[in-house]
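Dock chain B against the given chain A, drawing on the hints supplied.
Line by line, the protein sequences give chains A and B. Mapped onto the working numbering, the consecutive letters of the first sequence carry residue numbers 1 to 488. Mapped onto the working numbering, the consecutive letters of the second sequence carry residue numbers 489 to 1011.
Be aware that one or more of the hints could be misleading.
To be verified - DSS-like, lysine-lysine: derived pairs with alpha carbons at most 25 Å apart:
| hint | chain 1 | residue 1 | chain 2 | residue 2 |
| --- | --- | --- | --- | --- |
| 1 | A | Lys-370 | B | Lys-710 |
| 2 | A | Lys-347 | B | Lys-1005 |
| 3 | A | Lys-364 | B | Lys-1005 |
| 4 | B | Lys-934 | A | Lys-229 |
| 5 | A | Lys-95 | B | Lys-493 |
| 6 | A | Lys-203 | B | Lys-988 |
| 7 | B | Lys-888 | A | Lys-364 |
| 8 | B | Lys-676 | B | Lys-710 |
| 9 | A | Lys-203 | B | Lys-865 |
| 10 | B | Lys-842 | B | Lys-857 |
| 11 | A | Lys-317 | B | Lys-493 |
| 12 | B | Lys-676 | B | Lys-658 |
| 13 | A | Lys-20 | B | Lys-658 |
| 14 | B | Lys-820 | B | Lys-865 |
| 15 | A | Lys-347 | B | Lys-934 |
| 16 | A | Lys-20 | B | Lys-934 |
| 17 | B | Lys-570 | A | Lys-103 |
| 18 | B | Lys-570 | A | Lys-364 |
What the hints assert, rightly or not - From the derived model, a few chain B residues whose C-beta atoms are all more than 10 Å from chain A:
| hint | residue |
| --- | --- |
| 19 | Gly-551 |
| 20 | Ser-657 |
| 21 | Phe-678 |
| 22 | Ala-709 |
| 23 | Met-808 |
| 24 | Arg-843 |
| 25 | Arg-846 |
| 26 | Asp-927 |
Hints listed in this document are in silico derivations from the structure and should not be mistaken for laboratory results. C-beta: ideal position from N, C-alpha, C; glycine also.
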Amino acid sequence: MAESTVQQSRSRDLDKLLLKPGNLVAPTFEPGVQLRDDLQEYARILVIGAGGLGCELLKDLALSGFKNLEVIDMDRIEVTNLNRQFLFRLEDVGKPKAEVAAKRVMERVSGVNIVPHFCRIEDKEIDFYKDFIIIVLGLDSIEARSYINAVAHAFQIQGWYVMIASHTWNKALNVVPQKYDSDDNPIEETVKPMVDGGTEGFKGHARVIIPGSTPCFECTIWLFPPQVKFPLCTLAETPRTAAHCIEYAHLIKWDEVHSGKTFDPDDPEHMKWVYTELSFKVCLFNMCSSHVPQAVKRAELFGIQGVTYSLTQGVVKNIIPAIASTNAIISAACTLETLKLASGCSKTLSNYLTYNGVEGLHIKVTEFVKDKDCLVCGPGVLLELDTSVTLQKFIDMLEEHPKLLLSKASVRHRATNLYMQAPPVLEEMTRSNLNLPLFELMGKVPKDIIHVTGTTSKDDKKTSCLRKLCLVFKGADAVTDLDMAVGA
Amino acid sequence: MAEPKTKYDRQLRIWGEQGQTALEKASICLLNCGPTGSETLKNLVLGGVGSITVIDGSKVELGDLGNNFMVDESCVGQSKAKCVCTFLQELNDAVKAKFIEEYPEALVDSNPSFFSQFTLVVATQLAEDSMVKLDKICREANVLLIFARSYGLTGFVRNSVKEHAVIESKPDHFLDDLRLNNPWPELKRFAESIDLKVADPVAHKHTPYVVILVKMAEEWAKAHGGALPSTRDEKKEFKELLKAGMVAIDEDNYREAIEASFKVFAPRGISSDLLQIIHDSCSEVDSNSSDFWVMVAALKEFIVNEGGGEAPLEGSIPDMTSSTELYVNLQKIYLAKAEADFLVIQQRVKSILKRIGRDPDSISKTMIKSFCKNARKLKVCRYRLIEDEFSNPAVPEVQKYLTDEEYSVAMGFYILLRAVDRFSANYNSFPGQFEGEMDEDISRLKTAVVGLLNDLGCNGSTVTEDLINEMCRFGASELHAVAAFIGGIASQEVIKLITKQFVPMVGTFIFNGIDQKSQLLAL
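Excised from the complex, chain A in its bound form:
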């Protein structure tokens, strides 16, 4: 006992924050050794992405009292990662990011366990995500953020229970909406907070999303402006900039010349073809040949300057410039919020931080509000159905519904899979449900929330999505009310 207090602890610095009571802390903060040990033992954190932010996040979390981490990333290491993804070396190029990142952090910080997952986020069963108390996102894709956002919000509604041993998490999180069962015992629902970071050059953001309390990612999707796209007629007829010439080569000319071969932005041969064969020559020749007098236009087109290999890559791959310092700043902010959410050791960010280091230094915190009509965290898209509608018919309807346009839907009601498109085992198990009325499958309730996952196409791009629907069965009220009364 005496020895343990005299001997210096590894958590020398963190102990100051976790063991002593404070004034500006969360109301649920219970400082003490127990809290520190529980953080180490029971708090499981999932990091999504092992890139610029992910590498930083894993390091930061491992040195912020968390010992059980998992990381998902589908990418392999590239040379251009090395200026910021500090866990990777030249000899790692080609290896899965998640695996190398996990290994490097475990080698350096003893006692930390990191489970890597080299796969897409959609490859994981939704249940996979429920084992974590907080999900931290270090992504560069809007689609991936949307998907995880929907998954995290699905837990809250579906009422999956906290799986971790320590009861204190729910208290510490202070975000658990208390619901009561028929005997007036509180039901603790899992609330899956997310901490999301993003960077571009000298700019970045960090935000906290607590399902039920804060706006979700989808509520403020407008914060991410759509990618600039050039009209095809500009590319073909009136190119003016180097980027126009590159996109012409990439989007129009590639298919004309290589019929049937898909353009692969990661294949340097393809990239070089776009650059050398086209950006100059074809831009000059073909483009104008199909239109007005060649000689004049050709000379004019020659005036378009600035096509370089670097720009070609930048335009075609939509490369976002990235540097170590911004990633470090944003990841650190995300980690600090994760620690505060898990321990209550201070107040939390409410709820969106922007960083801009371009001109001086600007940090701004904005408290966004929920969009009450949000497709993900709002009451759900309302669908009115006849009690006779079968599951198969319902799935077909989703494809036609103008707000959803959801194909290949899998359907889940509370914790039950009604129909799963994959894996084959589950598909087979649930196939027989297709011919049954949905009303019966859902336990004959007049109104309830269900979740559907599937693909939707937006701007000609297929993306996975999860949607919350509020189903109301026509003319079912009276019957079920009666049923329930009898049951009670």
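For chain B alone, kept in the frame of chain A given last:
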């Protein structure tokens, strides 16, 4: 496509070859390699700075393993500088990494000339008295200096350089330089050669808005005694005229013209920021003046003479709906004017250099060209000596920050961060650093705060009890996440100072880890 540069591709897209070369030439010295210092250098080593020198006199303890990624179990008991240096070197073999096992405070006292060999010094976790001494040493030796400190859930970053002039400030949003309110003869002539009422609908909708606006403004001026639209009604009328010029509703060029019509209404001449720079006393140049100020002196002459009140033209135009032919021709006209303006400035630079007794060719053509292109975006950052900030406080600012709801917590932390150093000078430890003395430490810290507020000329002002208690709870801890944040900011400032691109922060950045409402205090 040079292969060795591939790993820097994502940052070259930000600061270019020139910025990268500046980084590769830089030698950086780090004082104290706790997590704040280690994280700062980590970001710089990854980016490829020339060399680093890590200075720290301490040995690695068990507690360091819990907050510093640049040490591991095998390091316990060894020189911290050595261990951190070894792990940093692993990140990038192009960087020369050295270490010196010595306490920075001792080095500041015993060997001040040591620091003059570096491009930049990053001083982390230094107490006030050493900060003041080091600041003077670096200022004297013309070495860039950045202070950074993490302390519990707070911390600060502060640059210190006599003057940092930026040519390539690369702002996110900056109005293009089209001169629609003040076109030069070639642009006017080009516009005149184009018929807005062209019968061919394809040609009509591919007339660039620059041409439309120049012609319409010219017409307006003729009818209004040479004046451009200035009142609200006139502006509205002008836009109506533009709308009336459309022959079909899908004419993007006319839509762009209406949106850009404010560029016609904008006042002529240079911005107040640029006016301030050309009237800076440094623009009266002599043989000791920097290249920057020599060019500013030339710019000043240009504005008064050839420029007719305007800065040299930037020479580039944004993309706009247009036929390729007209767009490229327009580009050429802007480029030609920019080139002509550059030649005038270059001539003026040469004669100024001659006048002040320097080689007329000592400023390169590339440099002058870049200066001309960025003339409207020049920035000059100046930093007080730390000693001056401490002994000669900006009382009105301090009072304003203390009472402003947005700033009061940050200002409170600024005061507390200084108060803990006074505390430590008196009691040989930081408040809350050791077990069991919290209450006593809180009241002692309170006393230190009151004393400091007095010295800042703010008698009667207070820092909240909550904040003082929190500061005691922090107990001088260096949390990894806070250190990574502070180190991230410090490294980004290093990059801005060394590449001379973008604009470094001016003032003291105070980190607020409680609700993340950090602030930059101009003191």
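Going through the hints against the structure:
no., hint, result
1, A:Lys-370 / B:Lys-710, "violated, 54 Å"
2, A:Lys-347 / B:Lys-1005, "holds, 11 Å"
3, A:Lys-364 / B:Lys-1005, "holds, 7 Å"
4, B:Lys-934 / A:Lys-229, "violated, 59 Å"
5, A:Lys-95 / B:Lys-493, "holds, 21 Å"
6, A:Lys-203 / B:Lys-988, "holds, 18 Å"
7, B:Lys-888 / A:Lys-364, "holds, 19 Å"
8, B:Lys-676 / B:Lys-710, "holds, 14 Å"
9, A:Lys-203 / B:Lys-865, "holds, 20 Å"
10, B:Lys-842 / B:Lys-857, "holds, 19 Å"
11, A:Lys-317 / B:Lys-493, "holds, 18 Å"
12, B:Lys-676 / B:Lys-658, "violated, 29 Å"
13, A:Lys-20 / B:Lys-658, "violated, 46 Å"
14, B:Lys-820 / B:Lys-865, "holds, 23 Å"
15, A:Lys-347 / B:Lys-934, "holds, 23 Å"
16, A:Lys-20 / B:Lys-934, "holds, 19 Å"
17, B:Lys-570 / A:Lys-103, "holds, 24 Å"
18, B:Lys-570 / A:Lys-364, "violated, 38 Å"
19, Gly-551, "violated, 3 Å"
20, Ser-657, "violated, 7 Å"
21, Phe-678, "holds, 15 Å"
22, Ala-709, "holds, 29 Å"
23, Met-808, "violated, 8 Å"
24, Arg-843, "holds, 34 Å"
25, Arg-846, "holds, 32 Å"
26, Asp-927, "holds, 12 Å"
When the structure is compared with the earlier hints, violations turn up for hints 1, 4, 12, 13, 18, 19, 20, 23 and for no others.
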